[in-house]
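Sequences are here, hints too, so could you generate the full structure?
Chains as they are written, first to last, in the numbering used here: chain A, 1 to 320; chain B, 1 to 277.
Among these hints, one or two may not hold up.
[As the list claims (entries may be wrong)] Beta-carbon label-pair distances, calculated as ranges: (1) Pro-212/A x Leu-262/B: 32 to 40 Å; (2) Asp-69/A x Phe-105/B: 37 to 45 Å; (3) Gly-266/A x Val-79/B: 34 to 42 Å; (4) Ala-2/B x Gly-244/A: 35 to 43 Å; (5) Thr-163/B x Arg-36/A: 19 to 27 Å; (6) Gly-244/A x Leu-75/B: 31 to 39 Å; (7) Arg-83/A x Ser-220/B: 22 to 30 Å; (8) Arg-314/A x Asn-160/B: 24 to 32 Å; (9) Ser-51/B x Leu-71/A: 46 to 54 Å; (10) Arg-186/B x Gly-301/A: 38 to 46 Å; (11) Ala-2/B x Arg-317/A: 34 to 42 Å.
Quick caveat, the hints were computed from the structure, so don't treat them as lab data.
Think of the CB as a built atom: it goes at the ideal place given N, C-alpha and C, for glycine as much as any other residue.
Spelled out from the first residue to the last, the chains are:
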Amino acid sequence: MTTRTPPRLTTARAPGRLTAARKPSRGHHDRALFGRFRHGYIAPGALLVAGLLYLPFLWTVYLSFTNYDGLSPATWAGLANYRALLHDPALLTAIRNTLIWVGGTTLLPVGLGLLVAVLSYNIKGGAWLRLPFLLPYAFSGAGIGLVWGVLLSPGGTLNHVLGFFHLPGAHTPLLSYAPLNTVVLIIAMTWQQIGVNTLLFVVGLQSIPREPIEAAKIDGASGWALFQRVIWPLLSPLTTVVVGLALVASLKTFDVVWVATQGGPGRTSETLAVTMYRDTFVADQYGYGSAVAVLLTVVTGVVSVIYLRQQLSRRERLNG
Amino acid sequence: MARRRAVTGARVLVLVILGLIWLAPAYLIVVNAARPAGAYNPAHAWVPSGSFDLLANMRRAWDAAGLGESLGSTLLYSVVSPAIAILIGALAGFSIVTLRLRHGFAWFMLIFGGTVFPSQMLLVPLFVAYSRFNLYDTRFGLILIYTAISVPFAAFVMRNFFTGVAFSIFEAARLDGASTARIFWRMYLPLSWSALAAIFVLEFTFTWNDLLFGMTLAQSPGVRPVMPAVSALQSDVYAGTPVPVALAVGLLVSLPAIALFLATQRFFTRGLTLGQL
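Rendered as structure tokens:
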């Protein structure tokens with residue numbers, strides 16, 4: 001560390017005061033330069049995070065091995081909660097729905113976002129053509145749940161719009177049956193999220209170096225071939241991030257489902273995050289709800305690790 | 001050349017068609033939110049009503065659902081928590097990068113690791129602990145958790161930002177006799193305002209849009225943030241709240257975050273690029 005001190009320092013106003021004269025140990029030097037209370041600057045952050053994020057996390061892991069209703073003291077239950085998870089039909093529905101969410105919201109908003117970005121990139125008025133896709137981003141997850149819950153309600157606005165255009169689904173109650181209710185909510189989320197992905201991809205396209213594209217054009221590549229062979233590989237670091245973010249967010253889908261359907265009817269549109277909330281705070285099974293939360297965390301962790309490893313090995317293949 | 005023009009034309013055409021599909025729900029929401037509260041009929045939802053009752057519908061929700069109180073509290077949380085979190089995150093980044101804390105990266109990982117797990121892992125203990133320590137349904141309790149959840153991201157950006165600040169600034173100020181606290185407060189904080197602003201916008205939006213912590217840790221209308229209030233509203237759309245009012249609420253609660261984003265857009269992109277240094 002001391003070697004990083006610029007030499008300029010010794011020729012400054014107080015020559016040698018900090019470096020030459022007092023240099024018996026690194027600690028001594030650091031204290032002179034940085035003061036005694038360096039750790040005081042990190043303490044608020046470390047304490048807050050430890051107390052309100054790490055401690056509850058560990059507590060939830062413990063509670064997942066107990067029977068607990070929030071009133072009487074928690075009693076040790078071993079693996080009983082996890083064994084019960086295996087035989088819970090609502091949980092299977094939640095896992096299935098969560099997987100549909102993961103597939104749907106990593107494919108649709110990312111794919112359509114990329115499409116809009118590529119189509120609108122480098123043409124006159126591109127920013128204006130992108131505007132309709134950016135507007136819905138104003139809505140929060142709860143806001144989307146609220147307005148789409150209304151639009152999608154049985155015999156509601158969307159049914160009539162479908163009927164007006166003689167499209168199928170005019171008489172289908174869109175939020176009443178699984179897995180249709182999950183699919184239409186994914187479409188609602190796609191409506192909201194395409195904008196931010198478009199923006200990210202436009203920034204990505206702008207930061208692609210010109211030379212490889214010009215070289216490929218000289219070689220005669222254009223249109224789809226140019227995109228597939230040159231642009232898509234150059235975008236892949238960004239795509240990795242965008243898909244990764246969508247993946248993790250989709251595993252935790254809660255707001256839009258809770259506000260639009262509360263996981264119903266009959267728990268058919270629940271995701272893991274909704275199941276956790278319902279089991280805990282509606283059914284007062286704090287231990288069981290904690291086990292669902294742990295499951296959600298494990299699934300999120302495993303999926304993230306698999307995704308990152310696959311992306312890394314893919315990049316190694318491309319580079320080597 | 002002709003072929004190229006045809007390709008561009010096709011691109012515009014696809015974008016316009018997709019754009020119209022994307023505008024349709026927005027149109028339905030705005031038209032029906034502006035409809036007189038009693039005049040909603042799903043069969044004619046796409047026909048404008050001719051009158052503009054958007055503000056009346058918003059006012060009606062404001063009064064009936066106690067949304068006014070919720071909005072005030074939410075504004076308090078969304079301003080105060082990110083502000084404190086940014087200060088704490090900047091302090092942490094400053095100590096790790098500029099004060100060259102020993103095991104600085106381990107400290108950083110400790111703080112940043114706080115955002116890795118899903119919020120669901122925090123809910124039960126927070127609910128139980130908040131009930132026990134009289135923090136449940138208090139504004140202080142919500143500010144506390146929103147601050148804690150905002151610290152890791154603030155520390156992440158500020159650590160990156162301070163890495164790009166020349167260390168000689170610190171040394172020069174020290175040689176002039178300035179205390180560490182003074183150097184932080186008078187030099188490093190003002191220096192990083194664009195990054196601070198960018199973090200603030202993102203964390204304001206996050207706090208404003210939060211549903212989960214708000215509905216778990218508060219219940220009374222004056223304390224509960226606005227998104228849980230909105231979700232309670234939806235539960236009785238068919239029983240009580242008329243559709244135009246519900247849609248007007250959906251627009252109303254979306255306004256502050258988007259207004260802040262538009263107002264700060266320029267600093268925002270600049271701050272983010274700086275944060276990535």
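Results for each hint:
Take Pro-212/A and Leu-262/B: their Cβ atoms lie about 36 Å apart, and the range 32 to 40 Å holds. Distance hint check for Asp-69/A and Phe-105/B: the Cβ-Cβ separation is about 42 Å, which falls inside the suggested range of 37 to 45 Å. Range check, Gly-266/A to Val-79/B: Cβ separation about 41 Å, and the 34 to 42 Å hint holds. Remark: the range hint 35 to 43 Å for Ala-2/B to Gly-244/A is upheld by a beta-carbon distance near 42 Å.
Take Thr-163/B and Arg-36/A: their Cβ atoms lie about 24 Å apart, and the range 19 to 27 Å holds. Here the CB-CB span from Gly-244/A to Leu-75/B is close to 33 Å, well matched to the stated 31 to 39 Å. Range check, Arg-83/A to Ser-220/B: Cβ separation about 39 Å, and the 22 to 30 Å hint is violated. Remark: the range hint 24 to 32 Å for Arg-314/A to Asn-160/B is upheld by a beta-carbon distance near 26 Å.
Ser-51/B and Leu-71/A have their C-beta atoms about 53 Å apart, which keeps the hinted 46 to 54 Å range intact. The beta-carbon spacing between Arg-186/B and Gly-301/A, approximately 43 Å, falls within the hinted interval of 38 to 46 Å. About 41 Å separates the C-beta atoms of Ala-2/B and Arg-317/A, a value consistent with the hinted range of 34 to 42 Å.
Checked against the numbered hints above, the structure violates only hint 7.
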